[in-house]
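Listed here are the chains, written in short residue letters.
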Amino acid sequence: MKPAAKAYTALIMLFLFAPIAILLVFSFNEAKSLSVFSNFSLYWYRELFRDAETLNAVKNTVLLAFSAAAVSTVMGTAAAVGINKLRNKYLRYAMDTVTNIPMINPDIITGISLMLMFVFVGRLFGAATSLSFWTMLISHVTFCLPYVILQVLPKLQQMDRALPEAAMDLGCTPLRAFFKVELPEILPGLVTGLIMAFTLSLDDFVISYFTAGNGFQTLPIRIYNMTKKTVTPKMYALATIIFFVILALLLISNLADSESSRSLKAARQKKKANI
Amino acid sequence: MKNASKARGSLVQRLTLAPYSLWALLFILVPLIFVAYYAFTDSDFNFTFDNISRFFTATSSINDGGMEKEVHTYLLIFARSLKLAVISTFICLLMGYPAAYIISRASPRTQKIMITLIMIPMWMNFLIRTYAWMTILQDTGILNSLLGLIGLGPVHIIGTEAAVVIGMVYDYFPYMILPIYSVMAKMDAKLIEAARDLGCNSAGVLRRVVWPLSLPGVISGITMVLIPSISTFYISQKLGNGKFYLIGDAIEGQYVANNLHFAAAIAFILMVILLFGMALMQRYAGKKAVAA
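Those sequence lines, one after another, are chains A and B. All the letters of the first sequence, read from the start, carry residue numbers 1 to 275 under our numbering. All the letters of the second sequence, read from the start, carry residue numbers 1001 to 1292 under our numbering.
None of these hints come from the bench; they were simulated from the model. Be aware that a few hints might be false.
Stated by the list, open to error - Straight line, CA to CA, 20 Å or less: simulated EDC-like cross-link-like pairs of lysine to aspartate or glutamate:
hint	chain 1	residue 1	chain 2	residue 2
1	A	234	A	47
2	A	229	B	1139
3	A	234	A	96
4	A	228	B	1193
5	A	32	B	1139
6	A	155	A	185
7	A	59	A	47
8	A	85	A	185
9	A	85	A	30
10	A	2	B	1139
Unchecked claim - Residues on chain B that point at chain A, a partial pick, calculated with CB under 7 Å:
hint	residue
11	1016
12	1027
13	1034
14	1036
15	1099
16	1244
To be verified - Computed spacing ranges between beta-carbons, pair by pair:
hint	chain 1	residue 1	chain 2	residue 2	range
17	A	158	B	1272	36 to 44 Å
18	B	1276	A	94	14 to 22 Å
19	A	250	B	1061	13 to 21 Å
20	A	41	B	1148	35 to 43 Å
21	B	1079	A	89	14 to 22 Å
22	A	98	B	1071	37 to 45 Å
23	B	1071	A	49	25 to 33 Å
Note that beta-carbon positions come from the ideal geometry of N, C-alpha and C, so glycine has one too.
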């Protein structure tokens, strides 16, 4: 890189990381001040871990993300298999369009639209509040599904169509053919889709905000409620922990990635040597 | 044999596609119909245009430099949302385009590190990212104490439109850089070399080769920044101190006030405008790409 290019990227990185660095530093501040660092202390971390409501929100968030990722991955993979087999041009176009809707629509519209339906249906059955864990799960599955489908579909398209047919002609049931032949081929896409669904669900605030019931609070909603009133460094402690968890996850996934690409390379070289 | 496998195939297709089709119908399409239904009905679910016309006709008086002025409340809010979102998107593009280009020309290892670094803030919740800027921009915040050290300031930023724009740029910047980068990374370096060999200077290479080829990435970057910034409601509340009501705030405010029919009407209008705008952009971009 030229010096000018280096300086420019450095500035961009400064812009991206300075605010996060400030949060990290001030999470260890003894005083409540946001501009003067007085003394190193773990006070706000202790406060955070005493906050039962926040800890409960963490538990809820993880539970919801696991459920949403599991449901959307199974249903999305099945859908991708079905969409891939569609021969009718118009049906295919309709499917693609509908799948795109949650990704193009602003989150606030997806959230409002689901909320309106839940409230309306709830009223039909005479329920006072229809929003709960279940309405949130439905909403999260809905916005995760397109991402799973879009990860799995290209893998199916790359696969040789004759493979599952051959398996079935050799006596496999369609289900067995899927698990024996198709699944191993699409597994990388499926795993990426699963991880995407999980992180999207963890991170979502806007759609959760509109579809959450009073009794079920996720971490983003908890953060929203915490930042509504006063500024508390407890938030910084929480942000710091989240930052390091993300960093660890990224490092692990990067390591796994380079490990798998290295083994792939080795396998390819072996193949070449055999030829 | 062939027929049997075909019949099996179509059965499998129905079985695999059925749950998702039902789900998409119930939870993607029907909710959108509910937005329209609520938008065009009153609280007793009788048909009405009132909600829609309220968006276009409601007025309120604001204090403009000591003068009371009647303005169209929601049209003003929409214009403001559009203005701030367009400014933010433009700044993201201006900052992100050179960065994406620089990264895409670096060594594969550097590219990977840079892209991971850019993604880290994106993985942090946008509430926290916005909150960080609140800390920085406050009147007694870090920016002002830094400025104080060098004998400048204090500047009052929090609660201004500039603060809202800073928040939007910071929160959505990765969404601009990533699609542009991914298009540029696939670009053949030989094309640039060829243009140089044929006598193009750097500006010419950029204008005639790099820019047209990167256009699909630019278009998707613009959509990915413009749509969340136009519909946000947290950033404006936190960094604008609630003084700069945006279209998202209007929807959220009506929702909190349990005014679901009017909230649906605003959402409906926003959706129609966005769909129209996107179709227009796709068309323009398509033509541009063909011309290039």
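Hint numbers contradicted by this structure: 3, 4, 9, 10, 14, 16, 19, 20, 21 and 23
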